[in-house]
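If you want the building blocks of each chain, they are given just below.
Protein chains: 2
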Amino acid sequence: MLAVADDLHIMNPLVAEAVKARDPEPLKKIAIRCQDAGVVAMDINLGPLGKNGEEIITFAIETVQMHFSGRLMLDSLQPEVLAAGIRVCKTPPIINGFSLEEARLSTILPLAAAHDSEIVGFLVDEKGTIPVQVEERLTVASRLVAKAKDAGVSAEKVIIDPVLVPLSWQNGTEYNRELLRTIQILDQLFEKPVRTMAGLSNLTSGSPGCFVRERVESAFIFMLAAAKLDYILMNTSRRSNLNALCLSQLLLGNKVFTWQEVADNVK
Amino acid sequence: MLAVADDLHIMNPLVAEAVKARDPEPLKKIAIRCQDAGVVAMDINLGPLGKNGEEIITFAIETVQMHFSGRLMLDSLQPEVLAAGIRVCKTPPIINGFSLEEARLSTILPLAAAHDSEIVGFLVDEKGTIPVQVEERLTVASRLVAKAKDAGVSAEKVIIDPVLVPLSWQNGTEYNRELLRTIQILDQLFEKPVRTMAGLSNLTSGSPGCFVRERVESAFIFMLAAAKLDYILMNTSRRSNLNALCLSQLLLGNKVFTWQEVADNVK
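Note that the protein sequences, when read in sequence, are chains G and Y.
Be aware that the first sequence starts at 421, since it is given in our numbering, and climbs by one per residue.
Be aware that the second sequence starts at 421, since it is given in our numbering, and climbs by one per residue.
Because the hints were derived from the structure by calculation, they are not lab data.
Among these hints, one or two may not hold up.
Identical copies carry no separate label here, and so any pair may be met within one copy or between two of them.
[Said to hold, decoys possible] In silico DSSO-like links for lysine-lysine, alpha-carbon gap of 27 Å or less:
#, residue 1, residue 2
1, K648, K675
2, K510, K471
3, K510, K440
4, K547, K440
5, K471, K569
Construct all of the structure, not just a fragment, from the sequences and the given hints.
Right, here's the structure in full:
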């Protein structure tokens, strides 16, 4: 399991301020921290952008890629913003993302085909609903991959995101159990295994404090690693998240395990 | 996932001393702690016992069941010791356990049939080898259940233990990955789902210190819970283990999730 940072998000007041003022410094700091943390990609989510959207995404990407050498993931519902972002990326970005909802199918998915991009596919149906049960989730996954193929995007380019919901939802634990099960078996559904991603930050929305949130996020990192998730989208400014990911990699990875390495890395 | 305590083990010097002196006090203390911790069963492992074996197991069980109301799991390779233990248990114990090894098939498994007991089946082949790959593990599981049926023990009475090996084994992480995968899919192998158990303490043998061991054991508790393990056999005197189990139950259990309950229980 590899980390994708969701740190560059418009909900972060520092990011919002920097974007408004076109001040590169806060974005530079985040990019350098992500580079140092060894994340494979950075998600860039600037929320809905007005008439300067194309200029703003260009500013953000040009700033970030001066200091971060990994992949970029462009997170937007606005096709013109995504198109502007794709044009300015030095290495091909990942588009985040589409679902079975008509607007996304007709405007976001064609961009992936046109630019031969990888794209995240959310397990969300036509009506915008996240299915609960594994069977429905697998049906949506099949249909997502079929829609992608129809649009000219091969299955290998699709990264399935089964959508972690807030724990505080009424049947949040049932969603969790079914989500883990979905990730565990999704690689048997297609001829070639598809990759998977899950966004961790949504899970703990409404949590009453930092310590509790850290414990719950760490626990889920271990659970998702055990389910063989490929990419975890998370707040990488939280040291506890990076520690849990590192420990998962030491316990389940391909390297020879040594206790010394655990002692050196686990704080 | 529910806890089985492995605290009453002859490798614990307090237990060894108490058994030697027939001193009930240390065993009573362990039993009371397990009762308070809410574990569903206590594993009793007194190692190889000499000519007083039947008397010693009787002493231990009679002491424990005065203070612990859950199930007992009798962990021995000596059929006469197990038989004496079964006779003195107030509620039917679980026998721990058999494998495809001839000695265990011919002496331990028949006890389960004779006493209509539940029994743990280790995923260990005829030669005493723990298979690495999922496919071989599932083959051994099928053969274990078939052997049990032949001996008059139905599949519902068998609890499969895929055997966690020390992380320090040369390909320890590969064993771990395949073990988790085995637990994830084992319930699809049989007509009715079989239950599963894993022993955590073996995993961290050789660890360089208490803090590192606690972190690794907690991580594995989350991973095993995500794989839908039924019973985790572990050291329940470690508060971190009970905390991780409790958090797993809050995140994946059937109760409605509340942040308050996490805040109250996670230390």
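Structure-based check of each hint:
Both within a single protomer and between protomers do K648 and K675 lie at most 27 Å apart by alpha-carbon distance, with minima of 16 Å and 26 Å respectively. Taking the closest pair of Cα atoms, K510 and K471 come within 27 Å of each other only inside a single copy of the chain (24 Å); across copies the shortest separation is 77 Å, beyond that limit. For the homomeric pair K510 and K440, the shortest alpha-carbon distance inside one copy (24 Å) is at most 27 Å, but the shortest distance between copies (73 Å) is not. Taking CA atoms no more than 27 Å apart as the test, K547 paired with K440 passes in neither setting, with 34 Å inside one copy and 69 Å between copies.
Neither within a single protomer nor between protomers do K471 and K569 lie at most 27 Å apart by alpha-carbon distance, with minima of 33 Å and 72 Å respectively.
The structure is inconsistent with the numbered hints 4 and 5, although it conforms to all the rest.
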